[in-house]
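Just need the whole structure built from these sequences, with the hints factored in.
Residue 103 in the working numbering sits at position 103 of the sequence shown; the count goes up by one each step and never skips.
Rather than coming from a laboratory, the hints here were simulated on the basis of the structure.
Be a bit skeptical, because a hint or two may be false.
[Said to hold, decoys possible] Computed spacing ranges between beta-carbons, pair by pair:
| hint | residue 1 | residue 2 | range |
| --- | --- | --- | --- |
| 1 | E469 | Q193 | 40 to 50 Å |
| 2 | D128 | A234 | 41 to 51 Å |
| 3 | E265 | K168 | 30 to 40 Å |
| 4 | D44 | A489 | 43 to 53 Å |
| 5 | N296 | V343 | 19 to 29 Å |
| 6 | E469 | E388 | 12 to 22 Å |
| 7 | E449 | N360 | 38 to 48 Å |
| 8 | R376 | D128 | 32 to 42 Å |
[To be verified] Listed below are the simulated DSBU-like cross-link pairs for lysine-lysine, each with C-alpha atoms no more than 35 Å apart in a straight line:
| hint | residue 1 | residue 2 |
| --- | --- | --- |
| 9 | K381 | K286 |
| 10 | K422 | K450 |
| 11 | K100 | K162 |
Ideal Cβ positions, reconstructed from N, Cα and C, are used throughout, including at glycine.
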Amino acid sequence: MKKVVLSIVICIITTSSFAQERPNIIFLLSDDQTSIATGCYGNDQVVTPNMDMLAQEGVLFENHYNTTAICMASRAIILTGMYEYKAGCNFDHGPLRKEKFAKSYPVLLREQGYYTGFAGKFGLAVSDDGNSTSHNTWDTLPIDAFDNWAGGLGQTSYQTEKNKYISKYAEKYPHSTRAYAAWAEDFIIEAKQTGKPFSMSISFKAPHMPFSPDQYFDYVYKGKEYKKPENYGAENATHLAPQAKTGRQYKEYGFWRDSEESYQETIKNYNQLIHGVDYALGMIRKTLEEQGVADNTIIIFTSDNGYSCGAHNFGGKVLPYEEASKSPLIIYDPRTPIKERGVRREEVTANIDMAPTILNYAGIEPPANMDGEDLRVLIEKPKKFKRETVALTNMWGNDEIQAMGVVSKDWKYIFWNYEDDKMNTTEELFHIGKDRLEMTNKATDPSAEKQLEKMRSLYDAHLNTLKKEATKDNLYQKYAVLFDRNATAEDKKPYLIGTKDISQNKGEDNKKTTKKNKKNKKNKKNK
1 MKKVVLSIVI
11 CIITTSSFAQ
21 ERPNIIFLLS
31 DDQTSIATGC
41 YGNDQVVTPN
51 MDMLAQEGVL
61 FENHYNTTAI
71 CMASRAIILT
81 GMYEYKAGCN
91 FDHGPLRKEK
101 FAKSYPVLLR
111 EQGYYTGFAG
121 KFGLAVSDDG
131 NSTSHNTWDT
141 LPIDAFDNWA
151 GGLGQTSYQT
161 EKNKYISKYA
171 EKYPHSTRAY
181 AAWAEDFIIE
191 AKQTGKPFSM
201 SISFKAPHMP
211 FSPDQYFDYV
221 YKGKEYKKPE
231 NYGAENATHL
241 APQAKTGRQY
251 KEYGFWRDSE
261 ESYQETIKNY
271 NQLIHGVDYA
281 LGMIRKTLEE
291 QGVADNTIII
301 FTSDNGYSCG
311 AHNFGGKVLP
321 YEEASKSPLI
331 IYDPRTPIKE
341 RGVRREEVTA
351 NIDMAPTILN
361 YAGIEPPANM
371 DGEDLRVLIE
381 KPKKFKRETV
391 ALTNMWGNDE
401 IQAMGVVSKD
411 WKYIFWNYED
421 DKMNTTEELF
431 HIGKDRLEMT
441 NKATDPSAEK
451 QLEKMRSLYD
461 AHLNTLKKEA
471 TKDNLYQKYA
481 VLFDRNATAE
491 DKKPYLIGTK
501 DISQNKGEDN
511 KKTTKKNKKN
521 KKNKKNK
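Structure follows, in C-alpha cells:
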C-alpha cells in the first residue's frame, strides 16, 4: 500500500514539475495595426515605448505578413495555422467549422494541461451550421473551450461597460483597452493559483474604426503635426493595377483625404489608440513581474492586418500592398540569453506561423494540417529556416479586388485576375527590398524578366497547393479557377459575384448572396 501511495506522490510531483517547466504563453493581437505605426519599426512620430522595449528584449520580425488582410479570416488563420482557403472562414464565406477549431492552438493547449483564457474581439463564429449566405448562426462563440472567457463576437465596443465580460472594470477603466489589461491581471493571478502553465490571448479592438481613443492619453500627441507617407495620395497610385482602385478601399474612407485637418485628426486618433495598446502591454508586463512569473512567460505581439492610412490613396486594408498586409511581430522569450536578444529577422513570416510556433513553445507537436512554420527555428537557427515565400490572398469584396500574390523578403508578385471590357488582367512586380513604398511596377521591365518568371513559377506552385487543399465548402473551390493565370474570362465568369449562377456550394446561388450583401451593407462598413 505504501508503495502505491509513494508512486502516486511521485507522479503528482513529476506532473507538477513538468507543468512549471513549460512556459506560460501570452498572445496579444491589436486590430488594424500596420507595422510602420510602431516605433521600433522606424516611425519616430509614434510613442510606443513598451512595444519598443519588447523588441529590444526579444526578436523583431521585419517582414511579417497577414496572408489574408481582413479581421475574420486572419483570426481564423491565426487560430488554426492554415491559409484561408483551408480554414474556410471569412465574411461572405462562412464561420469556422468545429472540427477545424478543435485543432486550434488554444484548444490543443488546454487539452495538454494549459490553463487558457481569452479576452477581446474574437471576431468569428465557430459553427457547422453557417454558410456563405446564412448569417443567422454566426453568433456561436466557443466560450466553453476556454477556462476563462471575456470575449465577444462582433466588433465589440471601446466603451468597457458595453462589453459583457469586462463591464466590471468600467468605473476605473472606461475605455476597453486598459480594461483588458485589468482583466489580464486577474487572469494571471487566477492562473498562477491553479499550478498549471497558462495561455492568455487578448485581441484588442484598438486601433480599429471608429477611431475613438482613450481620453486618458490625450496628452501624448497634443499639438503634434504628422508627416504624410511618401506614397500618400492618388498621384502615387497612377502606376497601380486598375483592379486595386475599385471598391471601398480606394473610394471610401474619405477622412484620410478630405482635408489636411481631417488627415491630422484621423492619424492622431489612430496612433493614440495604438499607444493605448502599448500602455496595456506595459500593465501586463508589470503584473507578470509582481506575480513572479515573468521569467517563464513568453509574449507574442502582432496584429490581424495592417492599414493603408492614405498610402496610394487607399483607406483600409484587404489589399496585398505593404501597408495593408504587414503588421508588427515581436516575440519575447525571457529564457533567451541576453546576448541573443534585440535581434531582427528579415525573412518572411506570416499569420499562419502563429499557431505552430505557440504549440512548439509549449512542447506540443502541431497538427499536420497546419501550413505555418515554427518561428523558433528562425529565432535560434536562422540559416535552417528555409521558407522563401508566402501567398497573399484576398477572397472578399468586389470581384475586381479578389486576387492572389506571392511575397519573398525582396520581391512581391501580384496577379490581378479580373478582366472585363474596361480592364485586362494585370501583373505587378515590386522589388520591395529596394522599393518598400511600391512605387515602381517592374513587371514590364526587361531587366526584371528573369525575376518575373521566377515569381510566376512560385505563384503557380502556391496555386497548385490551393487547388489540392482548398476546402470544398463556403465558396473556396472557385479560386482554383479565378486565380489561375491561364484561365480565360469565360472560365472565370461563372464564379464572379456579379454573375447569376454560382452553383459551387450546393443549394447556394449568387442572387441570394447579393441580396444578403445589401442587407448587411451597414455592418460591412465597420469591418
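We went through each hint and held it up to the structure:
no.: 1; hint: E469 with Q193: 40 to 50 Å; verdict: holds, 43 Å
no.: 2; hint: D128 with A234: 41 to 51 Å; verdict: holds, 45 Å
no.: 3; hint: E265 with K168: 30 to 40 Å; verdict: holds, 33 Å
no.: 4; hint: D44 with A489: 43 to 53 Å; verdict: holds, 48 Å
no.: 5; hint: N296 with V343: 19 to 29 Å; verdict: holds, 21 Å
no.: 6; hint: E469 with E388: 12 to 22 Å; verdict: holds, 19 Å
no.: 7; hint: E449 with N360: 38 to 48 Å; verdict: holds, 40 Å
no.: 8; hint: R376 with D128: 32 to 42 Å; verdict: holds, 34 Å
no.: 9; hint: K381 with K286; verdict: holds, 31 Å
no.: 10; hint: K422 with K450; verdict: holds, 29 Å
no.: 11; hint: K100 with K162; verdict: holds, 30 Å
Violated hints for the displayed structure: none, as all numbered hints are satisfied.
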